[in-house]
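Participant: Each chain, letter by letter, is given below.
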Amino acid sequence: MATLSDIKRRITSIRSTQKITSAMKMVSAAKLRRAQDAIESARPYAQRMRETLEEVGSAEANHPLFEQREEKNHVEVVVITSDRGLAGAYNSQVIKATQLLVKSRRSESSKVSLTIVGKKASDYFKGPRGIDVSSSRPVGPKVTYLEAKRVAAGLIARFESGEVDEVVVVHNEFLSMMTQPVKIVPLLPFVPPQENPGEGGKKEDRAPYEVEPNAEKLLSALVPKAVEVELFRALLENQAGEHAARMTAMENATKNTEELIEKLTLEYNRARQAAITSELVEIITGAQAQE
Amino acid sequence: MPLDLIVVTPQGEAFSEVVEQVVLPGTEGEFGVLENHEKFLTALKPGPVEIKLPDGTTEWAAISDGFAEVTASQVVVLVDECFKAHEIDLEHAQHTRAEAEQELAQLHENLETEEARAQVEATLVRATAMIEVHGRHHS
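Note that the protein sequences, when read in sequence, are chains A and B. Position one of the first sequence corresponds to residue 13 (my numbering), numbered consecutively onward. Position one of the second sequence corresponds to residue 5 (my numbering), numbered consecutively onward.
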């Protein structure tokens, strides 16, 4: 049986762990709020971009990034994870989904490679996993549009040159505090948004826009932006999901430490009582022996 | 009928006010928009935006490349970034421009650095637009 001081030491150590986990929970809660605000702020831009794209897309429907290639020789998978761990199954579920995806795509495509955002995935795929990594970068402390733009520019260039025939993004979606399901979304070839058939009648009444310089040129500037926005959204979702997952994980951890402390305190009290009882027994037997 | 100017960036709405007139840097040249303008859509290049407010004052802002959607009563500007003149840190912008110029001078005609070159050039254009806007704001 553990001695009194042993138990005491364990209780102190668990208490300090508890302090860390509850502090981490609090930090994640604050960061989550900020991440949610960022998603909220990005929404109007994405919405307007979509509308503009619909507008221009109805006049001009040809763009190199729309091209559906029949033979998909090279599939690029964009994996988005967080930089840090301690977020429950958050990163491992993305990594697992990526591995499954790569496996299934390998049967139809001769080459599958990864573009990684997030240290967790880069650490994992750095090892001998038999999957090519074409580029990897950390998420950084804050998701910026510029970063999304850079990643998108690389992917677009490789798609246009014909090196890559399809781009798919794997990331966590932020649905709620408790659920962050893995989402697999095709990025390229880009599928132009379809006009809502319900509004079709209304649309015809509206006067068409004068487009300058011309629809084709405008579209070629719009489509890469739409790809950037899509990627930016994925990064933001990932950021929010990370904090939500970590918050939940840390809350559970804090609860567990509480349970442990309770159990150990009980054990400690029992051990102390046992020590007192045995001492008393000794004293009483000593006194009886002297009579 | 008043004219609403709405500038939207991925970081949120940067500007949303009733204005008298706005001058935007289109890819085909600068253009001014007054109310009751014909509906049109155009691409924008990075540069200064001149905003004339109903009270007669003029505000300046620097934008990156993007799009403008003009209707009779509304101008919607979609850009990556938008800085209002008073938000611009001149020293920082000048520093960034000097740095970008230097970097550009070092990057010679090398195919591998094409991507890096495009990035540096974008930074340069941005910084230049910011400096210009700052200058006009204070003149």
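Any given hint could turn out to be false.
For each label pair, taking beta carbons as the anchor points, the in silico distance ranges come out as [said to hold, decoys possible]:
1. B/Asp93 to A/Asn226: 44 to 50 angstroms
2. A/Pro193 to B/Leu94: 44 to 50 angstroms
3. A/Gly142 to B/Glu21: 17 to 23 angstroms
4. B/Asp8 to A/Gly97: 42 to 48 angstroms
5. B/Asp93 to A/Lys84: 43 to 49 angstroms
6. B/Ala76 to A/Asp135: 35 to 41 angstroms
7. A/Arg162 to B/Gly16: 30 to 36 angstroms
8. A/Gly166 to B/Gln78: 34 to 40 angstroms
9. A/Asp135 to B/Leu94: 49 to 55 angstroms
10. A/Gly152 to B/Leu94: 53 to 59 angstroms
In silico negatives: residues of chain A with every beta carbon more than 12 angstroms from chain B [as the list claims (entries may be wrong)]:
11. Ala50
12. Arg118
13. Ile143
14. Pro153
15. Ser188
16. Ala227
17. Ala233
18. Leu234
19. Glu270
Over 12 angstroms on every C-beta distance to chain A, these chain B residues come out as not near it, computed from the model [claimed, not checked]:
20. Val12
21. Ala109
22. Thr127
No wet-lab data here; the hints were simulated from the structure. Only a predicted model underlies this, so the values are computations on that prediction, with no experimental measurement involved. The beta carbon of each residue, even a glycine, is placed where N, CA and C say it ideally should be.
Participant: Does each hint hold? Answer for all of them.
Facilitator: Status of the hints after comparison with the structure:
no.: 1; hint: B/Asp93 to A/Asn226: 44 to 50 angstroms; result: violated (38 angstroms)
no.: 2; hint: A/Pro193 to B/Leu94: 44 to 50 angstroms; result: holds (47 angstroms)
no.: 3; hint: A/Gly142 to B/Glu21: 17 to 23 angstroms; result: violated (57 angstroms)
no.: 4; hint: B/Asp8 to A/Gly97: 42 to 48 angstroms; result: holds (47 angstroms)
no.: 5; hint: B/Asp93 to A/Lys84: 43 to 49 angstroms; result: holds (47 angstroms)
no.: 6; hint: B/Ala76 to A/Asp135: 35 to 41 angstroms; result: violated (55 angstroms)
no.: 7; hint: A/Arg162 to B/Gly16: 30 to 36 angstroms; result: violated (21 angstroms)
no.: 8; hint: A/Gly166 to B/Gln78: 34 to 40 angstroms; result: holds (35 angstroms)
no.: 9; hint: A/Asp135 to B/Leu94: 49 to 55 angstroms; result: violated (42 angstroms)
no.: 10; hint: A/Gly152 to B/Leu94: 53 to 59 angstroms; result: violated (27 angstroms)
no.: 11; hint: Ala50; result: violated (8 angstroms)
no.: 12; hint: Arg118; result: holds (29 angstroms)
no.: 13; hint: Ile143; result: holds (24 angstroms)
no.: 14; hint: Pro153; result: holds (16 angstroms)
no.: 15; hint: Ser188; result: holds (23 angstroms)
no.: 16; hint: Ala227; result: violated (9 angstroms)
no.: 17; hint: Ala233; result: violated (5 angstroms)
no.: 18; hint: Leu234; result: violated (7 angstroms)
no.: 19; hint: Glu270; result: holds (40 angstroms)
no.: 20; hint: Val12; result: violated (5 angstroms)
no.: 21; hint: Ala109; result: holds (22 angstroms)
no.: 22; hint: Thr127; result: violated (10 angstroms)
This entry does not satisfy hints 1, 3, 6, 7, 9, 10, 11, 16, 17, 18, 20 and 22, going by the numbered hints stated previously.
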